[in-house]
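Engineer: Letter by letter, the chains look like this.
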Amino acid sequence: MDEVLLARMLFGSSMAFHIIFATLGVGITLMIFIAEIIRAIKKDDHYGVMAKRWTKGFAILLGVAIPSGTIVGVMLSLLWPGYMEIVGRVIALPFQIEIFAFFLEAVFMSIYVYAADRLTNTMRIISVGLVAMGATASAVLITDAHAWMNTPAGFDVVDGTITNVSPWDAVFNPSVGVTVLHVVSTAYMAGAFVIGSVAAFMLLKKNRSENERSYHKKGLTLALIVGAAMSLYTSVNGHDTAKMLYEYLPVKLAAAEGLFETQDNAPLAIFGIPDPERGEVVGGIEIPGMLSWLASGSTDGVVQGLNDFPREEWPPLFVHTLFNVMVGIGFTLLGLSFAALFWRFVWPRKEFPKWALVPLVAGGPLAMIGIETGWIFSCTGRQPWTIYGVQLTAEAATESGNLGFLFFLFVTLYATLLVLTALVLKFYFGRNPVANDLKKADV
Amino acid sequence: MTEPYIAITIIWVFLFVYAIAGSIDFGAGFWAMYYTRKDNTEASVIANRYLSPSWEVTNVFLVLLVIALVGFFPGAASYLGTLMILPFSLVLILLTIRGTFMIYAFSSKKYSRMLTIISGTTGLFIPALLVATLPIAIGGFVSMGEGTRDYLLFDRIFTSPTLYTHVGFGLSTELFLSALLLADYSREAKSEQTYLVYRRNALWLGPVTLLFAVAATFTLLPEAGWMVDNMASVWYLFALSLAAFLIGYGALFMKSGRENPGRARLAVIMIVIQFGLASFGYGFSHMPYILYPDLTIQDAFTDPAMFRWLLAGYGAGLAILVPAFVVFWRLFMKDKRYVQAEK
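Chains A and B, in that order, give the protein sequences. Its first residue numbered 0, the first sequence is counted upward by one per residue in numbering that gives the first Met the number 0. Its first residue numbered 0, the second sequence is counted upward by one per residue in numbering that gives the first Met the number 0.
Simulated from the structure, these hints should not be mistaken for laboratory data. Built from N, CA and C at the ideal position, the CB exists for glycine as well. Be aware that a few hints might be false.
[What the hints assert, rightly or not] A short, non-exhaustive set of chain A residues, derived as facing chain B with CB atoms under 8 Å:
#1 Ser-76
#2 Val-86
#3 Phe-406
[To be verified] Derived list of chain B stretches under chain A, where covered just means 3 residues or more per stretch with a C-beta under 8 Å from a C-beta of chain A:
#4 69–78
#5 129–136
#6 163–172
#7 199–208
#8 268–278
#9 304–310
#10 322–336
[Stated by the list, open to error] Straight-line alpha carbon distances no greater than 25 Å define the calculated SDA-like cross-link-like pairs of lysine to any residue that follow:
#11 A:Lys-204 / A:Thr-372
#12 B:Lys-108 / A:Val-389
#13 B:Lys-108 / A:Ala-421
#14 A:Lys-438 / B:Ala-340
#15 B:Lys-189 / B:Lys-109
#16 B:Lys-109 / A:Lys-42
#17 B:Lys-109 / A:Pro-432
#18 B:Lys-108 / A:Leu-417
#19 A:Lys-55 / B:Lys-109
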């Protein structure tokens, strides 16, 4: 098989694995931080138990996030030596600063977990705040490097060599703002919906004490509030992302929407399959003028189509589907969380009916699918480039060979770890049910 | 000192910190496993008490080392990445198994013993494997200029005695350093019985480590003629290193004012100094090559503008982190409520 494709498969599967744990690490630490603050304000120990249990879950996930992050970090140099040579010269700063964010997270995580009983309340909240800050800052900085790959800046290429390096211009590249906000808000969203899923699942179970149900209801409401706020923000940010793509990455926008002909009043195609022979999306729903409006702010805006670009610079056309799945999930979660909160608000004493809890259980897995499709869309939609307009993926890839064997080894490892991590979480929370923690905390 | 030399010195500091912290970390993991099996619970508990809060922080040092290499010497990161893809991938897999299984073991008491055995043994081999990449960097095991790209000559590597002396050196160092540190940590925990267990290990591992260090050097020399003159020019570093070893090892027999002889803290400090001196001497002799004879630090050096910002970044980062590390140290290495806690 083609070695470049193998390198992409190996790196892609490593990222797909790592991103689950990295995203939850960002999202769940925020939830823990909020729970600790509510506990301090409301003096309600239910929130203390929440923080404690979420922290245990997070510690197990972090145990996978750290080694898988190490894999991805080292693998960059192993699989993409050509790319890392440019990275080292131009965009090394966010990687370097990220290390310090990572240290902050690791140090205060240990302090929060293993020294909690020796800390004052304020110190404990500060510690977990620093954990959440470290996790978010790591996401921000790594996303910065990702944004730079889409909109490279801060250097010139003269006769194949990198010159005029300006590290801060690279850091503040044109797409960093929207992309960072997108990654962080969706990570918060995913964390909230995953926690909401668990709470909704527990509420579906029969024969739970009133105390336990009240605990889970509080958790679900908190998750819904955070989830709804972040979903709402993400939809606004999605619009800014479209404008950014329109300006800097027109070919990616065209592939995402399956737009072939350059036109004004360009339609937004929802689902369907882009057919390059017919030059249109087959089988989707089209909303006339919507794409022009989203991208440029006016239905008169001219949106470039794929046919404006040489065929060898087209991303694979299946990114249209990935993009639609991501956006579809985003809007589903937005609707779901607002509808559920509406119910809570109008009938504060009324229980959620079963038929309403089932979709809420699905919220967490859906959010994770949204995260995965979003990342795959963003990286595949940049193909055939690794650094847009500067370096082709084929130029970045290693020439060392043996990748098939390594792919097999790593994928086996990831599959095993997914199963084992799920089992460990199940065993741990199975043997330490909420009832025990509530009894211990005497609430 | 020119810019590439400042950069390589920083890399050396990171490498040194990770070599020490990583050895202790993986070694402690091994001892935690070994003494669970032996039902010497106290020795195992103390090893785990050290490990639980520290392993994540230790792991970050490894990433720091890789990132620093990419930033300061992008040419070296890409060259080494291509050349060493197989050994580094193997290290990554072992590292992942070790980290995840350790967390699994902490979280599921029922299977904790089996999970600890897996994480303890995989961890044991990581430093050995990392140390084994050292002789590759001195050249001799790489096909130079034959074909379109360089590759490792695995047949030559596996038939060379220096590989095995390096593996032995990696293993014994890891066990020696961790036994010493845990002996000291047991004293902090006021457990003389555990102190004796780890002191006994340190006593036999010390000379073994020294022996392997000497053997590794002598089997390396025929492969690295170019390093010998450099080494001879800094002979005093190696001599001081030997002296530090003798004082450190001797400290295990000094009067301590407690039931048993040995000043563990002094021993740890002197042995760390010993490793510092020897590894600095080794690194110095390695200059200016990152990989002989293809790659020098000047060839691989980053853009000068990037270098200056990275330097500023490490300064600022350390200014923030040092206080955090001090808090960390106080809470987990000094605070009696943690160190001497009942199980």
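Engineer: Any hints from earlier that this structure breaks? Give me their numbers in increasing order, please.
Structural biologist: Of the numbered hints given earlier, those the structure breaks are 3, 5, 6, 7, 8, 11, 12, 15, 16, listed in rising order.
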